[in-house]
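Trainee: Sequence:
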Amino acid sequence: MPFCFLWLAAAVALAQAPDPAYDPLDKAYLALRQRDYDTAIGFFRKAVESAPDRASIRKDLAYAYLKIGEDENARLEFGEAARLDPADFHAALEYAFLSYESRENPFARKAEARRIFDRIRKDGDPSSRDAAGRAFENVDRPLREGIARWIDALTLAPSSFSGHYELASLAEQRDELALAAEHYEKAWRLLPERRRVLVDLGRVLLAAGKLEEANAALLAASRGSEPRAAEAARELLPERYPFLYEFERALELEPGNVELRRELAYLLLGMNRAQEAEREFLKLASESNDLLSAAQLGFLYLDRNERDRALPLLEKVMQGSDAQLAARVKQALESSQTLRRREDLPPSPAQLGPKVMAEKSLKAGYLPDALRYLKMAHENDPNDESVMLKLGWAYNGLRDDAQAIAWFKQARNSTDTAIAAEATQAYRNLRPSLARVRFTAWMFPLYSSRWKDLFSFAQIKSEFKAGSLPFRPYLSARFIGDVRRTSSDAFRQYLSENSVILAAGVATRQWRGAMLWGEAGWAVNYLARRLGAARMVPDYRGGVSFARGFNLGESRAFYETNADGVFVSRFGDDVLLIFQNRIGYTARTGGLETRFYWNGNLTADVRRQYWANFVETGPGIRFRWSGMPRGFYVSADFLRGVHTINRGNPRRPNFFDSRIGLWYAFTY
Numbered sequence: 001m002p003f004c005f006l007w008l009a010a011a012v013a014l015a016q017a018p019d020p021a022y023d024p025l026d027k028a029y030l031a032l033r034q035r036d037y038d039t040a041i042g043f044f045r046k047a048v049e050s051a052p053d054r055a056s057i058r059k060d061l062a063y064a065y066l067k068i069g070e071d072e073n074a075r076l077e078f079g080e081a082a083r084l085d086p087a088d089f090h091a092a093l094e095y096a097f098l099s100y101e102s103r104e105n106p107f108a109r110k111a112e113a114r115r116i117f118d119r120i121r122k123d124g125d126p127s128s129r130d131a132a133g134r135a136f137e138n139v140d141r142p143l144r145e146g147i148a149r150w151i152d153a154l155t156l157a158p159s160s161f162s163g164h165y166e167l168a169s170l171a172e173q174r175d176e177l178a179l180a181a182e183h184y185e186k187a188w189r190l191l192p193e194r195r196r197v198l199v200d201l202g203r204v205l206l207a208a209g210k211l212e213e214a215n216a217a218l219l220a221a222s223r224g225s226e227p228r229a230a231e232a233a234r235e236l237l238p239e240r241y242p243f244l245y246e247f248e249r250a251l252e253l254e255p256g257n258v259e260l261r262r263e264l265a266y267l268l269l270g271m272n273r274a275q276e277a278e279r280e281f282l283k284l285a286s287e288s289n290d291l292l293s294a295a296q297l298g299f300l301y302l303d304r305n306e307r308d309r310a311l312p313l314l315e316k317v318m319q320g321s322d323a324q325l326a327a328r329v330k331q332a333l334e335s336s337q338t339l340r341r342r343e344d345l346p347p348s349p350a351q352l353g354p355k356v357m358a359e360k361s362l363k364a365g366y367l368p369d370a371l372r373y374l375k376m377a378h379e380n381d382p383n384d385e386s387v388m389l390k391l392g393w394a395y396n397g398l399r400d401d402a403q404a405i406a407w408f409k410q411a412r413n414s415t416d417t418a419i420a421a422e423a424t425q426a427y428r429n430l431r432p433s434l435a436r437v438r439f440t441a442w443m444f445p446l447y448s449s450r451w452k453d454l455f456s457f458a459q460i461k462s463e464f465k466a467g468s469l470p471f472r473p474y475l476s477a478r479f480i481g482d483v484r485r486t487s488s489d490a491f492r493q494y495l496s497e498n499s500v501i502l503a504a505g506v507a508t509r510q511w512r513g514a515m516l517w518g519e520a521g522w523a524v525n526y527l528a529r530r531l532g533a534a535r536m537v538p539d540y541r542g543g544v545s546f547a548r549g550f551n552l553g554e555s556r557a558f559y560e561t562n563a564d565g566v567f568v569s570r571f572g573d574d575v576l577l578i579f580q581n582r583i584g585y586t587a588r589t590g591g592l593e594t595r596f597y598w599n600g601n602l603t604a605d606v607r608r609q610y611w612a613n614f615v616e617t618g619p620g621i622r623f624r625w626s627g628m629p630r631g632f633y634v635s636a637d638f639l640r641g642v643h644t645i646n647r648g649n650p651r652r653p654n655f656f657d658s659r660i661g662l663w664y665a666f667t668y
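Under my numbering, the first residue of the sequence shown carries the number 1, and numbering increases by one thereafter.
These are calculated hints, taken from the structure and not from any lab test.
You can trust all of the hints, since none of them are fake.
Pairs of lysine to any residue residues, derived as SDA-like cross-links and limited to a Cα-Cα distance of at most 25 Å, are as follows:
(1) K46 x I68
(2) K67 x D36
(3) K67 x H90
(4) K452 x F479
(5) K46 x Y63
(6) K67 x L469
(7) K355 x N380
(8) K46 x S56
(9) K283 x Y301
(10) K67 x A51
(11) K355 x S225
(12) K409 x R630
Computed beta-carbon distance windows for the label pairs:
(13) I660 x F464: 33 to 41 Å
(14) G631 x Q34: 46 to 54 Å
(15) R509 x E212: 41 to 49 Å
Bear in mind that the values here come from a model prediction, so they are computed numbers and not experimental data.
Ideal Cβ placement from N, Cα and C applies to all residues, glycine included.
Let the hints inform the model, and build the full structure from the sequences given.
Mentor: The following block contains the structure:
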């Protein structure tokens, strides 16, 4: 019996727990052998969930990502593998190579790759040392040589902003942080309005471990006239409110920063250090001619009954260029209230409610701060619909539309009609991009004087959201026809296929106005019986589409461009290239919006057929009334055209065409 107990104890001691990642890994490797990389990746990810600390799984997953061209995901997995197993120099090398080639934050990635190559060439195994050494030299040599060239150039032109900035950038990439900080500061001193350089200086000082100097530079950059630089600086600053000594260090770096000094003055005032606050307000009023500081200083004097000193300052403000400030001074004189302007930051976030702080952060463009304060405001009052609306806009600005639409959905039920209307409109704008199924329809009937015919183009499409994938599959029914029902001419056939095209396809999401799409289906010709042609023929289409519009400055002038490359199987497997450009001016009279513009169009094809190669130019007009549905307008274009290829053209090379059309589109 004792022997049995001993045997059982030994068996338990020697028994191993089953590997939780075994099953998904087995399926992943089977899929790899079959070259089914998508399936393999899915099982590798399940294996990672089961054994997140196993570096080998991460490495195999990374190689699978490389097989399908997803370099960024591969880079992240190689990075995790190298972190989990620091002795795996090959994973670290792969991570470094992919980081160097990464388009995501390339400046920081290249600097990181250089550091990894440097470490491996010193500490790696023999094979990895050789590869890392060559890579390091390829990265480091251009940096060394560039730094030497710019140092020589600056001896000849020491006041060159670009010289100091380029030298600092190269030094930062080479981890020569002291040199980088020196020349970032020199570059900023030469052009103080380039606030982003001050952020660069703060970032380098942070990397060098000089926290106080870094915070001074970043605090100065965060209180300035350039919103993007201010936002970038705030992301690097600690989340807490700055300490008093940090304001003082920042002003030592940039004594002329009016917003920074004014905020310090209000902070001192809030700390009951009135004499020091008065000193700062006096500097601002006298040296920077800051009217707000002059007004505040005047009221400080009034509080001490020093009217002889206060009144000249207050009269100066009331006669100044800021009419709103002058009116508030008059009001404050009557009520003896201390003046504060709404745009000024408070001495401390704790002294103002989160709703007010959120409003100030939104106006300044500090969206992460605004979101934090709005969440606090919502916790304080869950029924405040104005906060819900602002939460929607904050999430929308941070490109988290899934959260944004949820808040807009709540706010659209507000009893305040203005809030409800704004939230409803925002909800409708966002819903199509997030809905699981999206329906789109458009139609464009068009009369052409050249062909003396009425053409009609229309499409109904159902799109399906495929999770987080960057494309949507869809089903489509497209109509292309004309009133005269003829297809005798090649160009007229292009304009009017007299068919209903039923197709299934896939389209990518738009990226900066560009979209890829492709579809396959059947074209059902409703004239086939009359013309003796086949009623149904296969139809394959696809291509790239680009559309952007720009306002020219702050005027009502605009520029629009549309570019399409389309493959159509029914025209001899031809590829058509279509470019349409309009520049013009928008006029608004009452409820009528009218756009006057000039067209510049170019059409070409790969097979060089006469009907598909021409240019057009001429005036146009487009208008809509405010009572019309969204997506509805009427247009008229008067064009002079010329065919650029005339081989086989039965008509004159030049033509006139007047086109009157009606466009209507909606998405649900």
